[in-house]
Amino acid sequence: MKLHEYQAKELLARYGVPVPEAYVASSAAEAVEAAGRLGGRVVVKAQVHAGGRGKAGGVKVASDAAEAGTIAGSLIGTTLVTAQTGPSGAPVDKVLVEQTVDIERELYFSVITDGGLRRPVIIVSSAGGMEIEEVARETPERVLTEPIDPAVGLQPFQGRRLAEALELPAGAVRPFVALAEACYKAFMDNDASMIEINPLVLTKDGRLLALDAKLTLDDDALFRHADALALRDTGQEDALEVEASEAGIAYVKLDGNVGCMVNGAGLAMATMDIVKSAGAEPANFLDVGGGANEEKISTAILLMLSDPSVERVLVNIFGGILRCDIAARGIVDAYGKADRQPALVVRMLGTNADEGKQVLSDSGLAIELVDTLRDAAEAIAR
Amino acid sequence: MSILVDGNTRLLIQGITGREGSFHAERCAAYGTALVAGVTPGKGGELFGGSVPVFNSVRAAVDETGANVALIFVPPPFAADAIMESADAGVPLVVCITEGVPVRDSTFVMRYLEGKGTRLIGPNCPGLISPGSKAKIGIMPGDIHTPGKVGVVSRSGTLTYEAVDQLTKAGIGQSTCVGIGGDPVSGTTFVDVLELFNDDPETEAIVLIGEIGGTKEQQAAAYIKEHVRKPVASLIVGQTAPPGRRMGHAGAVITGEAALASAKVAALQDAGCHIIPTPADIGSTVAAMLAR
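Chains as they are written, first to last, in the numbering used here: chain V, 1 to 382; chain G, 1001 to 1292.
Honestly, the hints are just simulated from the structure, not real lab data. Just so it is clear, CB atoms sit at the ideal spot from N, CA and C, and this is done for glycine as well. Heads up, some of the hints might be wrong.
What the hints assert, rightly or not - Just a few of them, taken from the derived set where beta-carbon distance is under 8 Å, the chain G residues facing chain V:
id: 1; residue: Y1031
id: 2; residue: P1102
id: 3; residue: P1141
id: 4; residue: L1159
id: 5; residue: Q1239
Can you make the complete structure from the sequences, with help from the hints?
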């Protein structure tokens, strides 16, 4: 679950991470008031769940309160398309009005879990304000990764090592160590998947400030963070994906026109790849999950069909825990309820596959039944 | 004939009285696995299926029955505790099926397992099966497998069934099939399983099935290049996945160039693997590889 910049900064500030003074505004009038409180030049930043805001015109400097209001008015209520949002963009409901800062240096700081090391790591770079992947590719010597032993947590010497790598002035070392400790504690306490401060700036007067912040929480840990659910902004997510997640279905909207419904994430990705290899494009990733019942299958199909770009449908079920006859009943139920019946190719294998195929042929629906992945690809490409 | 599990496997199931635990306990036993114990705190003294004793703790179950493999079906909030309880009781192999274990819990578990003699497979995995010795420790449909000499290792569940089905239909049997799971932090890695297959005299070839996200396939490729003397065929799925989006598995997110399917395919190709071009070509690619 992604947080907005303002939410991430509020959370980090509670742990003692220094952030610039800023106020959230939901209207031009609120932005004028916020800028007035800050005084002088301010930055107005669109709050969307995506990076690349600056280049997309979502971050602008205002010389006074009136201009801040004008900028806020031009952003709020619009859709911001950045390199990371996809062509449909993300709605801007709020802006963050923030004091401007005199920047000496821009640094990069993040905490993530390294799957290879199987522990949290802090990553820093002296090349702040750039994509860290790009820095790692072009100048790997400017990226330092510090693994943290979860049994004892981040130790001060590790913080000092990172500060040294960043060539921080002597006066900024202790504040940096404190910032690293605060971020690590916030990461663990909140079951974060990622905390990224980019840029972390050193100001002309020698202070460290988190100028931007991204924070993602582990979806699988939300059961023990009931308060975090209040921070979810479903307006930033695809409506169908929200509906799917509430039904316990893993669904990701894609750009093609072949709707795919599969049990299992790996097989779902394999099915998308097969569609592509046949010269067509998948409209979605959809994993209905292991223990699905007839109702959930039906819900999944209807959800997929509510995407108007779906023109053909490929169902690929490998029965294990999920019995194919149950899946077949769900398919028939959904096609009976749907207001349109796009061409349907079904491939069933495993537990009760023959019974499942029987249910489908008895339904009277025009369904093309295939046995192998290759046949499925050929059928969907026709 | 196999790795990790065989005719000496004595299985205990944590969460045996739950809906999924009981369903799969019956299926593992029906396949031929020696199911010797169940553990559900508070239900010690009961019998599962009329004959399998249920214990309150793993330690009691191990002491009484000599169980040497634990299979876990407990819900996500309790999975880390279940894994550590089995490790504490000295169970050498723990297989965690549970999907949705918080990553933080898994990092603590992996730290706890350091220096202990316990191997963890999973979480969020289908388990493993050695068809030749009738040992099924997981949720895979048993009847698609056939005994043979190809080892299969994968991050996926149903895609592994697909692979096994294609192999069996092509007349190619399996020594052991291991699903290592789709979580970003998990126990046994591709490299661990490759090492075991490489040393297993009865495994003659290996099928490796990976997906987008992380760098586990690159680590596997480096190991294959350096150490593996047996032919390896590999398939990477997720060629069509968009960057930054979670494809069902918590670990299946393209977070950088190394996480792309193309980067993984390139690394495996460089390591001398036989690349399986599409998911429909698993059986045919392995058959061609074995014929050479």
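**Prompt:** What are the numbers of the hints the structure violates, in ascending order?
**Reply:** Violated: hint 1 alone.
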